[in-house]
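Peer 1: Each chain, written out:
There are 4 protein chains.
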Amino acid sequence: MVTPLVAPDELDLPGLERLIEHILAGGVHGLFILGTTGEAPSLSHRLRHEFVERVCTQVNGRVPVLVGITDTSFVESLNVAQRAADVGADALVLASPYYFLAGQPELLEYLQHLVPQVSLPVLLYNMPNRPTAVFEPDIVKAAADIPGVVGLKDSSTNMMYFRLLQSVMEDRPDFSLLMGPETLLAETVLLGGHGGVCGGANLLPRLYVDLYEAAAAKDLPTVETLHRKVVQINATLYRVGRFASSFLKGLKCALSCLDICSDFVAEPFHRFREPEREIIRRTVNELGITKDGLADLK
Amino acid sequence: MVTPLVAPDELDLPGLERLIEHILAGGVHGLFILGTTGEAPSLSHRLRHEFVERVCTQVNGRVPVLVGITDTSFVESLNVAQRAADVGADALVLASPYYFLAGQPELLEYLQHLVPQVSLPVLLYNMPNRPTAVFEPDIVKAAADIPGVVGLKDSSTNMMYFRLLQSVMEDRPDFSLLMGPETLLAETVLLGGHGGVCGGANLLPRLYVDLYEAAAAKDLPTVETLHRKVVQINATLYRVGRFASSFLKGLKCALSCLDICSDFVAEPFHRFREPEREIIRRTVNELGITKDGLADLK
Amino acid sequence: MVTPLVAPDELDLPGLERLIEHILAGGVHGLFILGTTGEAPSLSHRLRHEFVERVCTQVNGRVPVLVGITDTSFVESLNVAQRAADVGADALVLASPYYFLAGQPELLEYLQHLVPQVSLPVLLYNMPNRPTAVFEPDIVKAAADIPGVVGLKDSSTNMMYFRLLQSVMEDRPDFSLLMGPETLLAETVLLGGHGGVCGGANLLPRLYVDLYEAAAAKDLPTVETLHRKVVQINATLYRVGRFASSFLKGLKCALSCLDICSDFVAEPFHRFREPEREIIRRTVNELGITKDGLADLK
Amino acid sequence: MVTPLVAPDELDLPGLERLIEHILAGGVHGLFILGTTGEAPSLSHRLRHEFVERVCTQVNGRVPVLVGITDTSFVESLNVAQRAADVGADALVLASPYYFLAGQPELLEYLQHLVPQVSLPVLLYNMPNRPTAVFEPDIVKAAADIPGVVGLKDSSTNMMYFRLLQSVMEDRPDFSLLMGPETLLAETVLLGGHGGVCGGANLLPRLYVDLYEAAAAKDLPTVETLHRKVVQINATLYRVGRFASSFLKGLKCALSCLDICSDFVAEPFHRFREPEREIIRRTVNELGITKDGLADLK
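For the record, the sequence lines run as chains F, B, Z and W. What the first sequence shows, in the working numbering, is residues 2 to 299, in sequence order. What the second sequence shows, in the working numbering, is residues 2 to 299, in sequence order. What the third sequence shows, in the working numbering, is residues 2 to 299, in sequence order. What the fourth sequence shows, in the working numbering, is residues 2 to 299, in sequence order.
Hints were generated in silico from the structure; no laboratory data involved. Please note that a few of the clues may not be correct.
Copies of the same chain are indistinguishable here, so a pair counts whether it falls within one copy or spans any two.
DSSO-like, lysine-lysine: derived pairs with alpha carbons at most 30 Å apart [unchecked claim]:
#, residue 1, residue 2
1, K142, K292
2, K230, K142
3, K219, K230
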């Protein structure tokens, strides 16, 4: 889930309420907040804490809420984890710290120290495209033995890594393997992965739920139709502008075009200026994206 | 296809003959020689030329032969391309030059200069894990307009790149999109890719042909069974030893365990020594790998 | 300056007092706190604020105090900057945010937004070995026009970059160009750089002050003698253990061997265990490192 | 030394003769051919062999000739080494193979296999900015024990690496440590390095010889004057255009502006087109670069 903002340290409160209801109306199975798409590292800790509380209050148990606690500071990770537990969140999501890159044995020790100090289950988060250390398969295998570690979300885009991980974890069917990039949701679930964490579900929650369910049901024709839509969105809506931030800016801009929430983006990025916004507006129309889903899928 | 060697500059001739017949007996749709698995960059140009000629002579038109011509030297690429045409090969495979990394516009110009000077069709080869420049989707789109460029093999392991490429090339169904890593063959073909170039087919050609055909036929239960075997091979046979060369060494060692060809590996690598060879031998047995295919699939 | 700790979120207060007096007794021209060697990203914001205040109180104007404010969150950077100004610090040090990597134009905008909101002068910090965006020479040139930006510390280890930067900034002799790695202090100052920020000065402040002064005075024989000592320390004391954290662990361990402060290192790292500590202890003796400086230079 | 070309596979013979005489007239202590600046990887092996022979014939023992033999193929490296020995070259220069990246132990074995098979002394070549494996200090230490290995040229631009290497090799004063990037020649020699291999000496050989001699004589005022010129050339002449190839294109273009040799650059690069050539022409004039050296230093 994105973090709707109106200023560097201020939430877009009406937007946040609309966004949560919009996503839940689409039938998602859970909410992941304070991840990369949620711009967590760009937010003050004060705002992160406020955000966790507001989301949990509004969701009120309708779906599980997963809270990202990744931070360069062990103590700040614990602080967010404590707040999450206090306000009724259901699980935590943890990538390796991203300033000092730990060696693999150091990374395992880090998990062995941190996880026992939090009270909620922990989902690991593999993000090698970001400046965090990858969780190598053997380290995941070892980490899965720490009580409280329940799965891993992989955003590496490296499917060989994911397939290898499935093989290494074959004897642990209870360990959830989730996919980050939404263009890889279909193949993940078709071949034994457990689900996905799709940024695009901020905009079109039903599309991703339907795709997941079709893949889980091995309904290949439906998968192909919906997968093609997802890739098309990625190839257009998320590729405006020339920086790595185009996904985030495009997604928030599209949400704003649909009057769901503000497109304010925290530093070091900025919302799209008018020329890019015009391209996004046109693309939203061409793709048939509405608050109620994709026009031609209804 | 691997390149069977008995010395740094000498082919394993009986092994080469056995290997070709072994692979063709498995029903493959073509042979790709002088790629990364073929150790092309490690071989002298004299040996590369000899090898192309011997392979084409023995295959004798039974399946198409694709010849890797990637080189740091434009002139040497043309030389191999000429030899390939002279001895009856069917197509060429070309990655970007890998010492001086060309910018994307330079890369397009490079293709525009080279492709018209060769007489065989050219398959592009995207290999960002190797020190070659990636072909960005927009450059592939432009390169596809050069007469003679017929497709692209992607070995990046980045499925997001591949799915994006499919979307960008949607209006060019004649442009072949092939997958390098064999663990990604199943999902590639299930969701619209055209095929794969599988190193493991040196060892178990029928397994990869069967997997391709099941995926093309959308026979999901068979795909799942065969895909699991492929991943298992990757998670065991190719992961002995601690260097990036473990795939190549493991594959050649397994071929040698089956008495198909020599396990000599060209510098800067070396064949496995006895401890690793013993692990490979045991793994081959445990996986049920025989000259006739996987024991438990028969 | 390192941050002396006794627990993840607790300062080593007596150690901090001893460390400051030890360093000031060596004649340094300033103190840089909350940098990489200060483990800033690993510390809670609460502790960072406490630390700034304690250091400024104890230094009490004897030398300038520079405070690192680099953070992934713009708001948290402003918070530390405000605290630094409140407690009497003299300048701020700012690298680019290190989770989301800004493009070069985004980076310039980031500086244009942040610097006017702080009241102290800002020294840029180039750290491409860490996961932060490099400040390209043209961006430094543009950033130098923002009022308040007074110089740059380069820790890239890439001397070509530094020499190029000197040439590009030749018309701005007021813009300070400082060196991070202490093994490069001698050549930096010999050829026109303005100084260095030497982690080793925690241990041997006089050595680095003397080396700077010899280089500034173009006293080449003295430079050669002291420079050789500095490189020797780097080649031994900072190279124990096999991870990137060996510099930090070795430095804190040596400070602890001299009873200056605790060797506690924040997660994701850990202090050296006994075998590595024994090597450090021996190396400290062999190099003749004492609280009063290098034995053989006295 | 650059490789003067008139076509992809054809030397600029009159240009080559003029270039050699131009460089030798500048007083250089040796010639290094077929390195990165010599575009060796872009040339056919036939042309590399022809080039070695022509250079050795014309130099005729006036200065030592060092020949780059780096290649992805062990056999081709041996072939060039043999040719170099046959035509009277004095030494070989060898980086690690650059397609398959060897692990450090594999790299040491590679040297242990190759060096005994060549008859000329070998200078190692550290080039981590190119896609070759770095020679780690401990591997250099071990490689120095192979008879025939006489030194190392470092083009990493990482001065920390170079200073560390000097410290590690302190007990081997016979082992030559040479610098690649010419902007680092001054500080290299001032602090104990043995010399440099300067691409700019194609254009202004006397400048680099004078700088070396001033640094060797510890004549700091002269070093500062000449060093400033060298950096200025790097900051202007080598920074036209936006690709990594700007150094090579700028250097060849400047040589052509002085009518020394052709500016033809081998694929995947191309000579500068007219707009960039015009900038180079103007820069050459502004810097006062003439066939006889820098105008204002005469």
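Peer 1: Does each hint hold? Answer for all of them.
Peer 2: Hints, verified against the model:
no. : hint        : in the structure
1   : K142 - K292 : neither (41 Å within a copy, 33 Å between copies)
2   : K230 - K142 : between (35 Å within a copy, 20 Å between copies)
3   : K219 - K230 : both (18 Å within a copy, 20 Å between copies)
Consistency note: the structure conflicts with earlier hint 1 alone.
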